[in-house]
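Add chain U to chain L, keeping to what the hints say.
Line by line, the protein sequences are chains L and U.
For what it's worth, the UniProt record's numbering labels the leading residue of the first sequence as 1, then goes sequentially.
For what it's worth, the UniProt record's numbering labels the leading residue of the second sequence as 1, then goes sequentially.
No lab work stands behind these hints, which were simulated from the structure alone.
Among the hints, erroneous ones may be present.
Stated by the list, open to error - Below 30 Å or equal to it, Euclidean Cα-Cα: the simulated DSS-like pairs (lysine-lysine) are:
#1 L/K437 <-> U/K138
#2 U/K437 <-> U/K386
#3 L/K527 <-> U/K138
#4 L/K417 <-> U/K229
#5 L/K509 <-> U/K138
#6 L/K138 <-> U/K110
As the list claims (entries may be wrong) - Derived, one-sided and incomplete: chain U residues facing chain L with beta-carbon distance under 7 Å:
#7 L29
#8 C495
#9 M499
#10 R524
#11 K527
#12 N530
Said to hold, decoys possible - Partner residues are not named here, just some residues of chain U that face chain L (Cβ under 7 Å, in silico):
#13 Q95
#14 V253
#15 G454
#16 C462
For every residue, glycine included, the Cβ atom is placed at its ideal position computed from N, Cα and C.
There are 2 protein chains.
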Amino acid sequence: MIKEKQIIGYQFSDEGSETFFSYNPATSLNNEYAFSKAASAEVDKAVEKAAAAFQQYYKKSGEEKAVFLETIAAEIINAGDTLITVCSSETGLPQARIEGERGRTVNQLKMFAALLREGSWVDARIETAIPDRIPLPKPDIRYMHIAIGTVVVFGASNFPLAFSVAGGDTASALAAGCPVIVKAHSAHPATSAIVGKAIQTAARKTNMPDGVFSLLYGDGTTTGIQLVKHPHVKAVGFTGSYRAGKALYDAAVSRPEPIPVYAEMGSSNPVFILPNAMKEKGAAIAAAYSGSVTMGVGQFCTNPGILFYHANEDDSFKNNLKTEFEKTNAGVMLTPLMFKSYKEAVKQHLQVNGVEQLAVGAITTNNNGNNIATPVLFSTNSETFKNSPSLSEEIFGPASITVTTAGKNEMLEIATKLSGHLTATIHGTEDELDDYKELINILEQKVGRLVINGFPTGVEVCSAMVHGGPFPSTTDSKSTSVGTAAIYRFTRPVCYQNMPDSLLPLELKNKNTLMIWRLINGERTNKDLN
Amino acid sequence: MIKEKQIIGYQFSDEGSETFFSYNPATSLNNEYAFSKAASAEVDKAVEKAAAAFQQYYKKSGEEKAVFLETIAAEIINAGDTLITVCSSETGLPQARIEGERGRTVNQLKMFAALLREGSWVDARIETAIPDRIPLPKPDIRYMHIAIGTVVVFGASNFPLAFSVAGGDTASALAAGCPVIVKAHSAHPATSAIVGKAIQTAARKTNMPDGVFSLLYGDGTTTGIQLVKHPHVKAVGFTGSYRAGKALYDAAVSRPEPIPVYAEMGSSNPVFILPNAMKEKGAAIAAAYSGSVTMGVGQFCTNPGILFYHANEDDSFKNNLKTEFEKTNAGVMLTPLMFKSYKEAVKQHLQVNGVEQLAVGAITTNNNGNNIATPVLFSTNSETFKNSPSLSEEIFGPASITVTTAGKNEMLEIATKLSGHLTATIHGTEDELDDYKELINILEQKVGRLVINGFPTGVEVCSAMVHGGPFPSTTDSKSTSVGTAAIYRFTRPVCYQNMPDSLLPLELKNKNTLMIWRLINGERTNKDLN
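Chain L on its own, in the form it takes in the complex (with noise of 0.2 Å):
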């Protein structure tokens, strides 16, 4: 057994008293490495010891944090194999998936740097004085963004290692400027020691204040609803259920100072039909799309769980369906209690009147059969799924629902009715989405992103991506967790009056030495200031 400690800034600390295990989902099997649940003094430490760090940390120019945030990058890539294999034992996910998802990882860190180096995201604005003003002199404004303050990151079940410790959420928060807590998911705690040591030695090898990290294990509802309550966290980062971000969202607006929290709460990314295109490519949407829900044994936050469609008298595309679907693969999940939703959430479906089984996926059974889900595809028709709001949410798992539609006006009624979502999809040829143009105005209300003719699976990470949206997939419709616009979730503006330009932040000052695009008088430059 190897028994793996709290980080809390520079120290390692074992105060707790309750202990937990990694586990295997494929073998259900405990894995060697132990942990105990934070102590109530042990989460009191890091938050003090995050404070304190974000007094000097905040204050680090674009080339420190960059440096730092590289150098977290290069020491995932030196934690080796290990970490795949580590991974790999406690979410049964499959070696090559933990691998793209490292490559993700390090490349969101070297994003974050590259934005950083750049400098121009402070968004700094200048307007300068106009002393003779009348009737009133005008004062000298400068206007730019800062760190908000200590975050805490909840780490994601499904991406063990680009939405966790290292994840995006840390890497936008790093990177604006703010100390960082992560409260490690329970259901890869080795994987995330791994990765929580690897920012601790890269914080050190680039002399960051100790406290500019911590990572803590233990349960949501104790742990992590302390940490969401300490007068200093100041915002919070989390991917995960409705169920959990709502609560960790409840507790924060009910403190004393309320604080943002910026829960990705998943949903069930509705996918249109438009009559040609699936005339056209009916066979290849079929098959693209029972992909897109069983990718990752359905465990993405974008995997489509809703599929519309006109009802017709060809079954060709619902044999098509059929088909494909029966295809796809079983796979093990990522625990054992999510392999029990998933199960109650399939029979559930089915429980309701006038839902049918239309496909399964095929049954692997080469691992003892220990947590495995297998697909499945639903069918119903659009007046069931006006009467069955549990048929709107999200299955977290490979299953999926095919909705016919009784034409235009129905789509367009369903589609108004939709709650957020993260995603919504369109298929259909260049003239019939001319012809939907009032599903698409509808749509882009409801989502972060529209997609035409693809798949919502994949996450871009970009500088243009939005993975977010209204309520419920998220807390904060206003944000995004993935692309280079997620630093704003951990930042504020704050502007100077009459700043002597020798005090102003470098950013600000008439010598644009960064050479950023900055906004002087209310024209877009990165020339200095005269």
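Only chain U this time, still in chain L's reference frame:
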């Protein structure tokens, strides 16, 4: 008696049964304008109309919205002197002040019109496809801000024009593409009616959809809460007291679908005088501080309420303050309730052991003494201040307290313990400011605007302004309610994946016909995409 009606889109409505009158705080008499509190059905009607109007309004071009805002500005000017005299009679504010505020209101509308015409505010980001990328093709992703939905605005008592019916919240929400429903402040309903009709006229003249604007009269606790709780309302703008703002926030976050509340709840705007500055220009600071405290009868959100300086044996600064403050004038407060609260707060301060009354302003008796607040300057030392949390709280009105500190370390200690404020101010010589860099660092974490060698009263309306700050000065430290960045309170980002060029919004098409600044594959440019 003139009975005003609810403005519900292009209709007037008068279904309420409870009547109230416009009231003159300077005479304690009712004005001739009467109002009904909105009936519940009228509130629902306004929201339903707004939700319907949203579908057309958020698609209006920047040019169309700019013309709408400019027409509102013109219609406000068209309302002529009536607006000034009615507003003065409801608020006790002098006509010159209201004329100035009308100018600011009109300029705010024009500022947002200019922002819309320039167009780059949508933060357009384009990442082009790389179809042959290995291992996965990169899709085309395009990002921009769109309107969030119907916005409810609560007018502020202390800015009956600039932060009321057509004030900063309304201007920024309409600019964003959001229909607006204003809950008129009961302290200036007749002013609200005039401005509301100006907006209604402007909407008609520019062919805006019915429901893009409504104006309702009623209490915050009934009409206000009904609006905030309505499922079709998507955001709230508010300026006023902590109690009222926090109540709206609590209502909004406990909705089934939580929504953002941008409540600017005022603050006591601490001012720090460093020793050399005091030596060099103590008399001028004393005079300007007294003016800043009592300007507008102390009814600005940014009047400074606390002055810190180092205790010393030379009493000249204290004496200057006393002399200057005694020259300030009493004035009529906006409402009898505010006057009552002011008197109570002053009394409570004086009951604190260790607090002295250093000076009172001149008492004017030219209007029979109705609701006339006399300026009061308290003084105390740091020990008393630290032990009496009530002394940190804002007194709405022309009162302020001076606090002597034992030296730099104690000043830093007190600054560290401050809660969030809209502004903080430091007076110091350039060398001295460099010595007190730590104070600057502490204060920038506490406020939205840091003023050097000036006074916080008076908020410049420009692209670089932050009128906001950490809780409890606002409910969202990431926002500003003044300046062009205020628009982002009412927008959210959305991205389009592989959307055909013909269907993209104008801002995201390959050809940049609007010539806006965009981020294309990480590069900032106002050119077309080839």
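Please verify whether L/K509 and U/K138 have alpha carbons no more than 30 Å apart.
38 Å, violated
Restraint status (C-alpha distance of L/K527 to U/K138 at most 30 Å)
33 Å, violated
Using the nearest Cβ pair, does U/R524 come within less than 7 Å of chain L?
It holds, given that the least Cβ distance between U/R524 and chain L is near 5 Å, below 7 Å.
With a cut-off of 7 Å on the beta carbons, see whether U/V253 makes it to chain L.
U/V253 check passes; min Cβ-Cβ to chain L is 4 Å, inside 7 Å.
U/G454 as chain L interface residue, shortest Cβ-Cβ below 7 Å:
5 Å, holds
Are U/L29 and chain L close enough, Cβ to Cβ, to be under 7 Å, as the hint says?
32 Å, violated
Under 7 Å is the threshold here; is the Cβ of U/Q95 close enough to any Cβ of chain L for the hint to stand?
15 Å, violated
Regarding the pair L/K417 and U/K229, is the alpha-carbon distance no greater than 30 Å?
Holds, because 19 Å separates the two Cα atoms, which is no more than 30 Å.
For the pair supplied as a hint, L/K138 and U/K110, confirm whether the alpha-carbon distance does not exceed 30 Å.
Distance ~18 Å between L/K138 and U/K110 Cα, so the pair holds.
Just to be careful, I want the Cα atoms of L/K437 and U/K138 compared with a cutoff of 30 Å; is the pair within it?
25 Å, holds
Interface restraint verdict for U/C495 against chain L (beta-carbon cut-off 7 Å)
4 Å, holds
Holds or violated: are the alpha carbons of U/K437 and U/K386 at most 30 Å from each other?
23 Å, holds
Checked against the numbered hints above, the structure breaks hints 3, 5, 7, 11, 12, 13 and satisfies the rest.
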